[in-house]
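A.B. asks: Produce the entire structure from the sequences given, and follow the hints as far as they go.
Keeping their order, the protein sequence lines are chains A and B. In this text, residue positions in the first sequence follow this note's numbering: the first is 1, and each later residue adds one. In this text, residue positions in the second sequence follow this note's numbering: the first is 1, and each later residue adds one.
Bear in mind the hints are in silico, worked out from the structure with no lab data behind them.
Coverage of chain A stretches by chain B, computed from C-beta distances (three or more under 8 Å per stretch; other residues unrestricted): (1) 6-14; (2) 32-39.
Residues on chain A that point at chain B, a partial pick, calculated with CB under 7 Å: (3) L27; (4) R28; (5) E47; (6) V49.
The beta carbon of each residue, even a glycine, is placed where N, CA and C say it ideally should be.
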Amino acid sequence: MAWPLDLPAQRLRPWLIERLQEHGQPLRWAITAVESDVDGCKQLLLEAVVQ
Amino acid sequence: MPQPFPTVMLVPTGIGCAIGGYAGDALPAARLIAAASGCLITHPNVMNGASLYWRDERIHYVEGYGLDRFAAGEWGLSPVRRQRVGLLLDCGIEPELKQRHRQVADACRATLGLSIGPVLETDQPLEVSLELGSSGASWGRLGHPDALLRAGERLRAAGATAIAVVARFPEDPESDALAAYRQGSGVDGLAGAEAVISHLLVQHLRIPCAHAPALSPLPLDPQLDPRAAAEELGYSFLSCVLVGLSHAPDLITTASAARVGSELWMDQVEALVVPEGALGGEAVLAALQRQTPVIAVHNPSVLSVSAKALGLEGTVLSAASYRDAAGLILALREGLNPAALQRPLESLT
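C.D. replies: Structural data, given as structure tokens:
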């Protein structure tokens, strides 16, 4: 998912939980990679188990 | 000696860490961090060495889901004198292997004096399957998670205050991945599924739980890496789990009025120690959110979610090794500014 430019890493957790809750209740999850687009925007790759 | 400096140490399960990615091989590092801090909160992947274990009153053994809730400030820890550890066996385990595990429980009662029991079986095989994520981290799923939770509820109702669960895991003794792991160059393919099992139980029951896989003994491997060797000492990986759970703290969701005794909450934690490429886990993000100092240790794994990747350079303290991390913790515990220990030391402007 695209990482909003105005969201520091210190505020990622609640934002990510909200995104995960769209798929179910998160049980175990982590950011497993951070990739940069050609335009400098960052993409977060997550792996998660949701219920 | 100054007051204890409560520290959380994480070595995430199933990501192939050079230290802690095998059979409890982060235990020496945990002992060192416990000695430096005087109070360490860590999880079974760090402490469990199959037949090998280490007991240290300064170390609090907390399963990963409970540790995530602790880091988020939602749950606290309340140390206890002992837990009564119920044993939950997957009914899909073959009779002889099941008997081996019952004998491990008996051995821990007879030889270590632990309180273990009752022993119950699931009413359906758990049917564990193993998976690898695109990152290379191991994950897994259960065919019958409800059977796990039902058995956990029965154990708790029967008086267990903690639960050791043993599930039959699929095995392929000829696989390249297993050979790589045994020879010290691969990811622990079982670890991700183990975490899912214990997370489910802890989320549902809110009592200490940990998992040991049931597997057939492997043929001798002359190239066995010392870090994986603890898993080849016997017929089960259960004894470390029983020892760890026997003195694991209770998981509490409400602080007592005056936080009496030795209750621990995240706002008392002074530092969190984690491999430098594993900063994307929930507990680390929770620590960053709470502005708890994070020490990122050089400990290569399949992940590269580093301080640089997350824009945290200058926020996260770097340590070249666990020896270095222990030195940082000791300095902080003594009230020393770690910057004073490095050169060059810039003038104040």
